[in-house]
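Letter by letter, the chains look like this.
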Amino acid sequence: MSATSDVIGARLPRREDDRLVRGAGCYVGDLRIEGCLDAVFVRSEAAHGVLRGVDLDAARALPRVAAAWAYADLPFLPDVPPMMDPDSVRGRPWPPLATDRVRYAGQPVAIVVGDDRYVAEDARDAVRADIDPLPVLLDPTDAAGSDVQLFPGSGNVAAEKEFGDPIDGAVWEQATVVVEASYRQQLLAHTYMENRAILVRPEDDGGLTVWVSHQAPHRLRRDIAGGFGLREEQVHVIVPDVGGAFGGKSETWPEYFVVVAAARRLGRPVRWLEDRAEALTGPPHGRGQNQRVRMAADADGRILAYELHIDADVGGYPHTGSFVPMATSMMATGAYAIPQVHVRTRAVVTNTAPTAPYRGAGRPEAASAIERTVDLLAHRLGRDPGEVRRRNFIWPDAFPYDTPTGFTYDSGDYAKALEVALNELDYDGWRAEQARRAAVGEPPIGIGLCTYVERSGAGEEFGAVEACADGSFVALSGCCSTGQGHETSFPQVVAAVLGVEPQRVRLIERDTAIIPQGIGSFASRSMQTGGAALHRAAGRLIDAARQRIAERWAVPVAEVTYEAGVLTAGERSASMADVAAGGVLRADETYAPPEAFPFGAYGAVVEVDPELGKVSVLRLVAVDDYGVVVNPLIVDGQGRGSTVQGIGQALYEDVRYDSDGLVETRSLLDYLVPTISELPPTRFAETCTPNPNTPLGAKGAGEAGCIGAPPAIVNAVADALGLRERDALQMPLTPYTCWSAAR
Amino acid sequence: MKPAPFSYVVARSADDVVAALADGRTDVLAGGQSLVLEMNYRARRPARLVDINRVPGFDRLEPDGDVLRVGPLVRHRAFEGDTVPGPLGTLLRRVVHHIAHPPIRARGTLLGSLAYAHPAAEWPAVVTALGADLELTGRDGHRTVSAADFFRGPFDTARRAGELLTELRVPLLPPGTRVGFAEHRRTHASFAQLAVIAAVTLTQGRVSAARIGLVNAADRPVRAHGAEAALLNRPLDDPAITEAGRVAAEQDADPRPQPHADLGYQRHAVAVLTRRALAQARDQG
Amino acid sequence: MTLVHLTLTVNGRAYDLDVEPRRTLADALREDCGLTGTHLGCEHGVCGACTVLVDGEAVRSCLMFAVQCDGAVIRTVEGLAGADGTQHPLQAAFSAEHALQCGFCTPGFLMLAAGALEADPGVVGDAERLRELLTSNLCRCTGYEAIRRAVVAAAGDQHPGQPESGR
Ligand SMILES: Cc1cc2nc3c(=O)[nH]c(=O)nc-3n(C[C@H](O)[C@H](O)[C@H](O)COP(=O)(O)OP(=O)(O)OC[C@H]3O[C@@H](n4cnc5c(N)ncnc54)[C@H](O)[C@@H]3O)c2cc1C
Ligand code: FES
Ligand code: FES
Numbered sequence: 001m002s003a004t005s006d007v008i009g010a011r012l013p014r015r016e017d018d019r020l021v022r023g024a025g026c027y028v029g030d031l032r033i034e035g036c037l038d039a040v041f042v043r044s045e046a047a048h049g050v051l052r053g054v055d056l057d058a059a060r061a062l063p064r065v066a067a068a069w070a071y072a073d074l075p076f077l078p079d080v081p082p083m084m085d086p087d088s089v090r091g092r093p094w095p096p097l098a099t100d101r102v103r104y105a106g107q108p109v110a111i112v113v114g115d116d117r118y119v120a121e122d123a124r125d126a127v128r129a130d131i132d133p134l135p136v137l138l139d140p141t142d143a144a145g146s147d148v149q150l151f152p153g154s155g156n157v158a159a160e161k162e163f164g165d166p167i168d169g170a171v172w173e174q175a176t177v178v179v180e181a182s183y184r185q186q187l188l189a190h191t192y193m194e195n196r197a198i199l200v201r202p203e204d205d206g207g208l209t210v211w212v213s214h215q216a217p218h219r220l221r222r223d224i225a226g227g228f229g230l231r232e233e234q235v236h237v238i239v240p241d242v243g244g245a246f247g248g249k250s251e252t253w254p255e256y257f258v259v260v261a262a263a264r265r266l267g268r269p270v271r272w273l274e275d276r277a278e279a280l281t282g283p284p285h286g287r288g289q290n291q292r293v294r295m296a297a298d299a300d301g302r303i304l305a306y307e308l309h310i311d312a313d314v315g316g317y318p319h320t321g322s323f324v325p326m327a328t329s330m331m332a333t334g335a336y337a338i339p340q341v342h343v344r345t346r347a348v349v350t351n352t353a354p355t356a357p358y359r360g361a362g363r364p365e366a367a368s369a370i371e372r373t374v375d376l377l378a379h380r381l382g383r384d385p386g387e388v389r390r391r392n393f394i395w396p397d398a399f400p401y402d403t404p405t406g407f408t409y410d411s412g413d414y415a416k417a418l419e420v421a422l423n424e425l426d427y428d429g430w431r432a433e434q435a436r437r438a439a440v441g442e443p444p445i446g447i448g449l450c451t452y453v454e455r456s457g458a459g460e461e462f463g464a465v466e467a468c469a470d471g472s473f474v475a476l477s478g479c480c481s482t483g484q485g486h487e488t489s490f491p492q493v494v495a496a497v498l499g500v501e502p503q504r505v506r507l508i509e510r511d512t513a514i515i516p517q518g519i520g521s522f523a524s525r526s527m528q529t530g531g532a533a534l535h536r537a538a539g540r541l542i543d544a545a546r547q548r549i550a551e552r553w554a555v556p557v558a559e560v561t562y563e564a565g566v567l568t569a570g571e572r573s574a575s576m577a578d579v580a581a582g583g584v585l586r587a588d589e590t591y592a593p594p595e596a597f598p599f600g601a602y603g604a605v606v607e608v609d610p611e612l613g614k615v616s617v618l619r620l621v622a623v624d625d626y627g628v629v630v631n632p633l634i635v636d637g638q639g640r641g642s643t644v645q646g647i648g649q650a651l652y653e654d655v656r657y658d659s660d661g662l663v664e665t666r667s668l669l670d671y672l673v674p675t676i677s678e679l680p681p682t683r684f685a686e687t688c689t690p691n692p693n694t695p696l697g698a699k700g701a702g703e704a705g706c707i708g709a710p711p712a713i714v715n716a717v718a719d720a721l722g723l724r725e726r727d728a729l730q731m732p733l734t735p736y737t738c739w740s741a742a743r
Numbered sequence: 001m002k003p004a005p006f007s008y009v010v011a012r013s014a015d016d017v018v019a020a021l022a023d024g025r026t027d028v029l030a031g032g033q034s035l036v037l038e039m040n041y042r043a044r045r046p047a048r049l050v051d052i053n054r055v056p057g058f059d060r061l062e063p064d065g066d067v068l069r070v071g072p073l074v075r076h077r078a079f080e081g082d083t084v085p086g087p088l089g090t091l092l093r094r095v096v097h098h099i100a101h102p103p104i105r106a107r108g109t110l111l112g113s114l115a116y117a118h119p120a121a122e123w124p125a126v127v128t129a130l131g132a133d134l135e136l137t138g139r140d141g142h143r144t145v146s147a148a149d150f151f152r153g154p155f156d157t158a159r160r161a162g163e164l165l166t167e168l169r170v171p172l173l174p175p176g177t178r179v180g181f182a183e184h185r186r187t188h189a190s191f192a193q194l195a196v197i198a199a200v201t202l203t204q205g206r207v208s209a210a211r212i213g214l215v216n217a218a219d220r221p222v223r224a225h226g227a228e229a230a231l232l233n234r235p236l237d238d239p240a241i242t243e244a245g246r247v248a249a250e251q252d253a254d255p256r257p258q259p260h261a262d263l264g265y266q267r268h269a270v271a272v273l274t275r276r277a278l279a280q281a282r283d284q285g
Numbered sequence: 001m002t003l004v005h006l007t008l009t010v011n012g013r014a015y016d017l018d019v020e021p022r023r024t025l026a027d028a029l030r031e032d033c034g035l036t037g038t039h040l041g042c043e044h045g046v047c048g049a050c051t052v053l054v055d056g057e058a059v060r061s062c063l064m065f066a067v068q069c070d071g072a073v074i075r076t077v078e079g080l081a082g083a084d085g086t087q088h089p090l091q092a093a094f095s096a097e098h099a100l101q102c103g104f105c106t107p108g109f110l111m112l113a114a115g116a117l118e119a120d121p122g123v124v125g126d127a128e129r130l131r132e133l134l135t136s137n138l139c140r141c142t143g144y145e146a147i148r149r150a151v152v153a154a155a156g157d158q159h160p161g162q163p164e165s166g167r
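Chains as they are written, first to last, in the numbering used here: chain A, 1 to 743; chain B, 1 to 285; chain C, 1 to 167.
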C-alpha cells in the first residue's frame with residue numbers, strides 16, 4: 001500500500017490538542033501585550049432613531065480612562081467595507097460609530113478606553129447618548145413594503161434578484177397537486193464560545209500589528225490597510241487560537257475599525273474583547289428569512305415546478321448578510337431535477353442587528369424550504385416521502401448537472417445516501433411502530449427525512465510547501481483554522497503526496513507576514529480548496545527537486561525518480577534535505593478548484609408529548625458524503641458538532657426581539673443552545689463520492705448537520721402531528737409551537 | 001460584563017450582617033449565583049456587599065421537632081443526598097436536581113433563592129406549598145413571616161431593607177405522605193417554564209392532607225388551595241387527580257405573559273403538570 | 001478605588017494580590033496570576049468555560065469574587081498535568097477521543113470532570129449522574145458525545161457505554 005493511501009484517511013490525533021488541554025492555548029484575550037488598554041463600546045439603546053448628540057464629559061473625567069470618543073472625535077474613520085456585494089451597500093453607508101442615525105439597538109455610538117475593562121465599563125455607563133426614536137421595522141417583508149425608510153432615498157430593499165425562469169402559469173392549473181407554504185428561518189446567534197476579539201498595537205514605523213479572532217486574516221488586512229491609507233505590508237494580522245467562528249468571524253466589523261483608530265490615536269495597544277451580552281445582541285445574527293414556496297407535481301409525485309420567494313432580513317446595514325439569501329436561491333432545488341424553477345429573492349434592511357453567514361450560510365435555508373415542501377407534497381399525495389424523493393432525484397449519470405439556478409453539480413449519488421439513511425434508521429421498523437402506537441393510542445411518533453445538497457468551497461486558495469535542510473517540511477496555507485484542526489490534517493495531505501511521515505510536516509497559517517496571500521476558512525472550503533492547493537504544491541515541490549537534481553547530476557529529469565523523500569537516478573540518491581541544503585526548495589501554488597457539492601441524507605424519529613407539545617428526538621441518522629476524507633476523526637467531529645447546532649435551530653434557538661426592537665434573549669438562560677442532555681441517540685454514516693475536480697478528491701465538510709438535521713426534525717414533527725397545513729410549525733419547535741400547531 | 005465598584009465586608013456573625021445592612025446600601029452576598037450574575041450585567045449596583053459565607057453555624061440543616069431548620073448557608077447541593085429523612089427529604093431531593101446544575105448548586109443557597117424570589121425558581125413554591133415559616137432578623141430583632149406572606153411578586157418579598165433571612169422552618173411531612181414533582185422546561189439548562197409540587201397524605205385510602213405548589217404560574221409562587229380541596233377525602237385515583245388539575249388550572253393559577261406560551265397554554269400545562277405530579281406521588285411516592 | 005490585599009493559592013503556589021473587591025476570581029486568575037487557561041465565555045454562570053476547583057469543588061469563577069477566595073485552595077487547568085508535565089488522564093482522554101475542537105470550552109470541562117472524578121469516580125458508572133454533571137457546561141463545537149466518552153475513558157472504565165446514546 002502506498003504511503004498516500006495510508007495517510008489519507010488516518011484518524012491521527014490532533015497536534016493542537018496538547019496545548020489546548022493544558023490551558024496553554026493562546027486566544028486573543030490571553031495575549032499579554034505591554035501597556036494594552038481595554039476598549040468598551042457605548043451602544044445605542046434604541047433600534048432606530050436620530051442621534052442628537054453624545055455627551056462624553058463625565059466619562060472622560062473618570063480616573064484611569066484614556067479616551068472616550070464619538071464619531072465627531074474620529075472623523076477619519078472609514079466606513080465599514082462591503083464583504084461581497086458592493087451594490088447593496090451603495091447609498092447605505094455603515095459608519096463604524098453612528099453619525100446622525102442609529103439603525104439597530106447595540107449599534108456603536110462611542111468608544112471608551114480604560115486601563116482595564118472594569119473602568120472602561122464605568123466610563124461607558126457615564127456616557128449619555130441623546131436619541132430621538134423613529135418607527136422600528138423588524139420584519140423583512142413588512143420593511144420591504146414600508147414607507148419608513150432606513151436610508152432615506154435608498155429604499156429598504158438592498159438587493160433583489162431572480163433565478164431561473166418565471167413559471168408557466170398553466171403548470172399550476174394542470175398539476176395534480178399544488179402545495180403552498182410559508183416558512184420562517186428564525187434569527188440565530190452564532191454563540192461561538194469565544195466571543196469576537198481584537199487587539200491592535202500601533203508600531204513605531206506607522207504600521208499595525210493586529211491579533212484577531214478571525215476566519216479571513218488577509219481580507220481583514222486589506223480592509224484595514226484600505227480604510228486607513230496604509231500599505232498592506234504595514235498591517236500585520238495574526239490569528240491566534242480561535243474559539244469557534246461559524247461564519248460570524250469572517251467579516252470586518254465596525255468595532256475593529258474603531259479599535260484601530262483608537263489605538264493609532266492613543267499610540268498604545270488597545271483590545272476589545274466582546275462580552276456575551278454584546279454577542280447575543282448582535283451583530284452578527286444568522287439566518288432570518290421569510291420564505292414562501294409553491295410546488296406542483298403530477299399524480300406520480302414527479303415535481304413539475306418549484307417557486308421560492310425569499311425576503312431576507314439583513315438587519316440595519318446590508319454589508320454582510322445580503323449575499324446569504326442569494327446562496328439560498330442558487331441552492332433552491334437541492335437534490336432534485338425540476339423542470340421549472342423560479343426564485344425571487346430580496347435582501348431587506350430592518351432594525352435588527354446586521355445578519356451574517358451562520359454555519360451553512362444560505363444552504364440550510366434552501367434545504368429547509370425544499371425539504372419541507374417535498375415532504376408536504378408527499379403527504380398531500382398520500383405517498384411515502386422517501387419514494388417521492390427518489391422519483392425526483394438527479395441520478396448519478398446526470399453529472400455534471402447544470403441546475404436551473406446557475407450551479408454545476410459535480411457528482412453525487414443521492415439515492416444511495418437516502419438508502420443508507422433509511423437502513424441506518426430502520427425506517428420500516430419505525431413505520432411499523434408508528435402504526436402500532438396509533439392503533440393502541442400511545443403517544444404519536446413521526447418520521448422525517450431530508451436529502452440535501454450543499455455547495456462547498458469558493459474561489460482560490462494559497463498553499464506552499466518547503467523542504468528544510470533538517471529533513472522536515474513546512475506547509476503554508478492561506479486558510480485559517482478556527483477549531484478544525486488544520487495543524488493535523490493539512491500535514492497529512494502533504495505527507496501523503498511526499499510519501500513521508502506526517503510528523504515531518506509542520507503547518508503555518510494565520511499570519512499575514514508569513515503567508516503572502518489567502519482567503520480563509522468558511523463555506524466548508526478549507527480541505528477542498530486549501531487542501532487541494534497544498535496537494536498540488538507538494539507535487540510541484542517534488543517536480544522542482546527532481547529538476548534540481550537532474551541539473552546537479554546532469555541527467556535527464558525523466559531519469560530522476562522520487563519516492564518517500566528520496567530522489568534517485570541510477571545508483572545515485574539524495575534526500576529532499578540534501579536538495580534543500582543547496583538552496584531554498586519551495587513550491588507555491590494558488591489553486592481555484594470548481595465548487596463542490598457534498599450531499600447527504602438525514603432521518604429523524606420524534607415523539608411529541610401529546611399534552612404539552614414537547615418534542616423528544618428518539619433517533620437521528622446522518623449520512624454525509626464529503627468525498628475523500630483526510631482525517632475521519634476531525635470530519636466526524638464536524639458532523640457531530642454541526643448536527644447539534646442543527647438540533648439547536650430546530651428546537652431551541654431563537655433571537656427574540658421585543659416590539660421596540662430590543663433583543664430579549666440577552667443571556668444564555670434565554671437564548672438556549674443544546675446541552676449534552678438535549679442530544680438524541682444519533683448514528684452517523686458516510687458514503688464516498690470523490691470530488692472529480694481535484695487530485696485530492698475532498699469536498700467540504702463542516703456544515704452538513706446544520707443543513708440536514710433541521711428539516712428532518714421538522715418533517716418528523718409534522719408527521720407525528722399529522723399536519724396538513726404546516727405554516728404554524730415554525731422553528732424553533734417549542735412545546736407551545738407544536739401544541740398550538742396541532743390544534 | 002464587569003460589576004460596578006463596591007466595597008466588601010466579611011461577616012462573622014448574624015449581628016455583623018445586620019450591622020452592615022443598616023446603611024441601606026449594602027446587599028447580602030450568599031452563594032452569589034444570582035447576585036453576581038446581575039452585577040455582571042450591571043443590573044444591580046450595590047455600594048457594598050456583606051459576605052455571609054464565613055459566618056459559623058449558618059450552614060445549619062437539621063430536623064428539630066416537627067420542622068426542618070435551614071440556615072442561610074445551606075447550599076442547594078445539601079438536598080441532593082440523604083441528609084433530610086422522610087418524605088420531605090424525598091421531595092427536596094427530587095426538586096433539587098431540577099435547579100441549575102452541579103457547580104451552581106455547590107454555591108447557591110436555598111435561602112438565597114427565597115430572598116431572590118425569581119418567578120421561575122423552584123424553592124419559593126416548595127416552601128409556599130409546605131406552609132413554611134421564614135425568620136427575618138433586623139436591628140429590632142427577629143420576626144417570622146409565613147411563606148404565603150413572604151412572596152409578593154417577581155423579585156419582590158416582604159423582607160425589609162436591613163433584614164437578613166436567618167432561617168427557614170419547613171414542617172416535616174408526616175410519614176406515609178406521598179410526594180411528586182413535575183417540571184416543564186425547554187432545555188436542561190433553562191429555568192422552568194412551569195412546575196408543580198405535590199405532597200399528599202393518605203389516611204385509610206383517602207386524602208387527609210394535600211399540599212400543592214405551582215412554580216411560575218402566577219406573579220408569585222402559588223399554593224393551589226383549590227386543587228388541594230378538590231382532593232380532600234377522596235381516594236387518589238385518576239378522576240380525583242384530573243379534577244385537581246382542572247381546578248389548579250382554572251382557579252389557582254394566574255398566569256402572566258411569557259415568551260413561548262400564551263395564557264391558554266399555560267393554564268392547560270398547569271392542569272397537565274398537576275396531574276403528573278399527583279400521579280407520581282401516587283405511583284412512586 | 002480601594003484595593004484589598006489577599007492571597008490566592010493556585011495550583012500549589014501562593015499569589016499575593018491587591019485587587020478591587022469587584023474583581024471576579026476569573027479575572028484575578030487570568031489577569032493578575034497570568035493563568036489564562038481559565039476562559040470567560042459568558043460571565044453569567046451558564047457556559048462553564050471558567051470552571052475551576054475552589055477547595056476541591058467545581059465552581060464558576062465568573063460568579064465569585066477574588067476577595068472571597070482569600071486563603072482558599074484553587075486549582076485550574078494549568079495544574080492538572082503532573083509535575084513532570086505528563087498529561088492528566090482526562091487531558092489525554094480528551095485528545096484521544098477528539099473531545100475538543102476549538103478548545104475554548106475544554107479547560108472548563110476538564111475541571112468540572114476532575115472535581116467530580118476526584119469526589120467520586122463512580123459518577124461515570126451512572127449514566128444519569130454523568131449526564132447531569134456534563135449538562136453543567138456548554139460546548140458549541142463537538143456535539144458533546146466525545147466529551148462524555150473521554151470522561152468515561154479517563155475514569156479507567158474500559159466500557160464507555162453505548163457510544164451512540166446521549167441520554
Ligand atoms: C446558570 C444558572 C442556572 C440557574 N438555574 C436555576 C434554576 O433552574 N432554578 C432556580 O431556582 N434557580 C436557578 N438559578 C439561581 C440559583 O438557584 C441561585 O443560587 C439562587 O437563586 C440564589 O441563591 P444564592 O445563595 O446564590 O444567592 P445570591 O446570589 O448570593 O443572592 C441572591 C439575592 O438574595 C439576597 N440574599 C441571599 N441570601 C440572603 C439572606 N440570607 N438574607 C437576605 N437576603 C439574601 C442577595 O442579597 C441577593 O439579592 C440558576 C443560576 C444560574 C447562574
Ligand atoms: S464564563 Fe463563567 S460560566 Fe460562562
Ligand atoms: S471545543 Fe469549541 S466550544 Fe467546545
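No lab work stands behind these hints, which were simulated from the structure alone.
None of the values given here were measured: they were computed from a predicted structure.
Take the hints with a grain of salt, since some may be wrong.
[To be verified] Derived lysine to any residue pairs resembling SDA-like cross-links, with alpha carbons at most 25 Å apart: (1) A:K614 - A:E563; (2) A:K614 - B:D254; (3) A:K416 - A:D402; (4) A:K614 - B:R206; (5) A:K416 - A:R383; (6) A:K416 - A:R437; (7) A:K614 - B:H225; (8) A:K614 - B:G57; (9) A:K161 - A:E180; (10) A:K614 - B:Q280; (11) A:K416 - A:P681; (12) A:K614 - B:N233; (13) A:K416 - A:R666.
Exercise for the section: Starting from K161 (chain A), check that the Cα of E180 (chain A) is at most 25 Å away, please. Expected result: Holds: K161 (chain A) and E180 (chain A) sit about 21 Å apart, inside 25 Å.
Exercise for the section: Sort out whether R206 (chain B) lies within 25 Å of K614 (chain A), counting only the CA atoms. Expected result: violated (33 Å)
Problem - Straight-line alpha-carbon gap K416 (chain A) to D402 (chain A), limit 25 Å - result: holds (21 Å)
Exercise for the section: Quickly compare the C-alpha distance for K614 (chain A) and D254 (chain B) to 25 Å and report which way the hint goes. Expected result: holds (22 Å)
Exercise for the section: Starting from K614 (chain A), check that the Cα of N233 (chain B) is at most 25 Å away, please. Expected result: violated (34 Å)
Exercise for the section: Assess, step by step, whether the Cα of K416 (chain A) is no farther than 25 Å from the Cα of R437 (chain A), and give holds or violated. Expected result: violated (30 Å)
Problem - Holds or violated: K614 (chain A) to E563 (chain A), with C-alpha atoms at most 25 Å apart - result: violated (60 Å)
Exercise for the section: Sort out whether H225 (chain B) lies within 25 Å of K614 (chain A), counting only the CA atoms. Expected result: violated (28 Å)
Exercise for the section: Please work out if K416 (chain A) and P681 (chain A) have their alpha carbons no farther apart than 25 Å. Expected result: Holds: K416 (chain A) and P681 (chain A) sit about 23 Å apart, inside 25 Å.
Handout entry: Hint consistency between K614 (chain A) and Q280 (chain B) [alpha-carbon to alpha-carbon, up to 25 Å]
Key = holds (19 Å)
Handout entry: Holds or violated: K416 (chain A) to R666 (chain A), with C-alpha atoms at most 25 Å apart
Key = Given pair K416 (chain A), R666 (chain A) is violated - Cα atoms ~44 Å apart, limit 25 Å.
Problem - Pairwise hint evaluation, G57 (chain B) against K614 (chain A), where the allowed Cα distance is 25 Å at most - result: Violated, because 44 Å separates the two Cα atoms, which is more than 25 Å.
When held up to the earlier numbered hints, the structure conflicts with 1, 4, 6, 7, 8, 12 and 13 and fits the remainder.
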